[in-house]
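Trainee: Residue numbers (my numbering), protein chains in the order written: chain A, 1 to 157; chain B, 1 to 157; chain C, 1 to 83; chain D, 1 to 83.
Mixed in with the good hints, there may be bad ones.
Said to hold, decoys possible - Derived SDA-like pairs (lysine to any residue); straight-line CA-CA distance at most 20 Å:
hint, chain 1, residue 1, chain 2, residue 2
1, C, 12, B, 133
2, B, 32, B, 8
3, C, 2, B, 154
4, B, 131, C, 2
5, C, 12, C, 71
6, A, 130, D, 55
7, D, 12, D, 40
8, B, 91, A, 30
9, B, 32, A, 46
10, B, 154, C, 62
Don't read these hints as lab results, they were simulated from the structure.
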Amino acid sequence: MADPAPVLATIRVQSEDFDAAHEANLLAQGRKDVGALVTFTGLCRDEGGRLSALELEHYPGMAEAEIARIAEQACSRWPLTGLTVIHRFGKIAPGRNIVLVVAASSHRRAAFEAADFMMDFLKTRAPFWKKEHLLSGESQGWVEARDVDDEDAKRWT
Amino acid sequence: MADPAPVLATIRVQSEDFDAAHEANLLAQGRKDVGALVTFTGLCRDEGGRLSALELEHYPGMAEAEIARIAEQACSRWPLTGLTVIHRFGKIAPGRNIVLVVAASSHRRAAFEAADFMMDFLKTRAPFWKKEHLLSGESQGWVEARDVDDEDAKRWT
Amino acid sequence: MKIRYFAWVREKVGVDEETLDLPESVTTVAHLISFLKASDERYAMAFEEQDAIRVALDQMHVEHDEPLGVTQEVAFFPPMTGG
Amino acid sequence: MKIRYFAWVREKVGVDEETLDLPESVTTVAHLISFLKASDERYAMAFEEQDAIRVALDQMHVEHDEPLGVTQEVAFFPPMTGG
Chain A
1 MADPAPVLAT IRVQSEDFDA AHEANLLAQG RKDVGALVTF TGLCRDEGGR
51 LSALELEHYP GMAEAEIARI AEQACSRWPL TGLTVIHRFG KIAPGRNIVL
101 VVAASSHRRA AFEAADFMMD FLKTRAPFWK KEHLLSGESQ GWVEARDVDD
151 EDAKRWT
Chain B
1 MADPAPVLAT IRVQSEDFDA AHEANLLAQG RKDVGALVTF TGLCRDEGGR
51 LSALELEHYP GMAEAEIARI AEQACSRWPL TGLTVIHRFG KIAPGRNIVL
101 VVAASSHRRA AFEAADFMMD FLKTRAPFWK KEHLLSGESQ GWVEARDVDD
151 EDAKRWT
Chain C
1 MKIRYFAWVR EKVGVDEETL DLPESVTTVA HLISFLKASD ERYAMAFEEQ
51 DAIRVALDQM HVEHDEPLGV TQEVAFFPPM TGG
Chain D
1 MKIRYFAWVR EKVGVDEETL DLPESVTTVA HLISFLKASD ERYAMAFEEQ
51 DAIRVALDQM HVEHDEPLGV TQEVAFFPPM TGG
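My request is simple: use the sequences and hints to build the entire structure.
Mentor: Here is the structure:
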């Protein structure tokens with residue numbers, strides 16, 4: 001039996017919404033070696049009714065390239081059978097999708113850790129910035145990076 | 001503002017298949033306080049073409065009760081906005097669903113950890129047993145519990 | 001007392017469940033296992049690796065030294081492999 | 001050299017991107033920041049908390065002591081808050 005082909009991650013940076021279930025199905029369907037599928041969906045919260053929207057600015061080109069570099073690390077670190085990452089940009093209302101990570105593997109720990117790892121590094125290395133828009137109509141300004149995200153990312157070193 | 005109602009986990013033990021996307025949507029729809037949705041789907045592998053099916057025996061009554069006890073621990077340990085666990089029994093073909101955990105929270109780490117915790121304890125404490133059926137038509141016998149699953153579960157103590 | 005067996009314990013014992021009258025000397029799970037092993041070869045086989053056997057009293061996991069007390073249903077089974 | 005700005009760095013500098021001719025003495029990211037700060041108040045404001053500013057050379061994260069080398073595109077931005 002030939003070695004399995006290296007996993008190519010699917011990476012998309014887009015303003016349109018995504019269908020998490022569809023993306024998860026693509027990694028599982030027609031295969032019998034996938035034992036674990038972990039799907040992370042990050043959604044926009046209204047912060048206790050305060051927010052009307054988040055606006056996500058990104059660095060086109062670098063966003064895709066940086067996510068690809070993080071995904072490559074995940075694929076070399078865990079025995080994945082598939083990996084999909086989608087990050088939206090533009091104005092996103094509370095309750096709507098922001099980011100999707102789907103990790104598929106024969107083994108549950110690999111799928112969990114790879115998805116967790118991807119999210120930690122998307123937060124701290126992918127060039128996206130969030131601006132808050134308030135229900136009152138004002139712009140609240142830019143969301144500040146949180147130290148706890150850096151600490152989460154350090155867990156993997 | 002009143003305290004949020006305690007989270008009631010949705011728990012089902014069934015022979016029928018489940019729709020992971022539908023269950024995940026139920027935990028997110030109509031809400032604006034869910035920031036993170038982690039969905040774990042465990043699927044039947046064919047073990048390199050060896051298996052024709054897994055047969056899952058369970059202890060009716062105790063299976064639901066024990067999953068409820070684990071879910072209660074998860075809900076008291078992490079600030080979840082929702083938790084759904086579905087475990088199938090009976091004969092399951094490679095590529096088909098076995099188990100589903102969906103954890104919803106305002107915060108990604110809580111959702112990841114709760115889903116991971118649920119899976120570790122489902123593996124080691126929920127009364128289910130897997131028997132392998134081979135393509136050759138024989139029954140291979142019962143899957144043995146793995147020490148690594150016990151070690152995974154010990155991470156949470 | 002109602003006793004239930006699952007997976008390979010069930011296969012070795014040869015029945016899903018049975019109701020037994022126990023002597024008063026049988027007050028713990030470990031006593032019950034000894035009593036069963038002494039009563040028939042099938043139980044001796046099923047409980048051969050006694051430390052590997054898991055026990056539930058009224059659908060709660062317990063250790064082998066647990067008193068039977070007012071238990072209505074005992075279950076014996078191998079380590080779980082669900083998930 | 002093409003220079004791009006994002007998020008509040010962009011807002012403070014007042015442009016998305018610009019192309020600047022740099023003196024030969026500007027050989028590292030840190031030199032470039034000093035050069036910009038000295039050239040106009042807008043840059044001085046944008047780079048006031050200099051340690052907080054992240055830099056990419058040709059779309060790769062680098063530290064402030066990185067040589068500019070043959071870089072075609074420099075980008076300055078605040079710590080990322082995606083995900």
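Trainee: If a hint holds in the structure, say so; if it does not, say that too.
Mentor: Against the structure, the hints come out as follows:
{"no.": "1", "hint": "C/12 with B/133", "result": "holds (19 Å)"}
{"no.": "2", "hint": "B/32 with B/8", "result": "holds (18 Å)"}
{"no.": "3", "hint": "C/2 with B/154", "result": "violated (32 Å)"}
{"no.": "4", "hint": "B/131 with C/2", "result": "violated (25 Å)"}
{"no.": "5", "hint": "C/12 with C/71", "result": "violated (24 Å)"}
{"no.": "6", "hint": "A/130 with D/55", "result": "holds (18 Å)"}
{"no.": "7", "hint": "D/12 with D/40", "result": "holds (11 Å)"}
{"no.": "8", "hint": "B/91 with A/30", "result": "holds (19 Å)"}
{"no.": "9", "hint": "B/32 with A/46", "result": "holds (6 Å)"}
{"no.": "10", "hint": "B/154 with C/62", "result": "holds (18 Å)"}
Hints 3, 4, 5, counting from the list given before, are not met by this structure.
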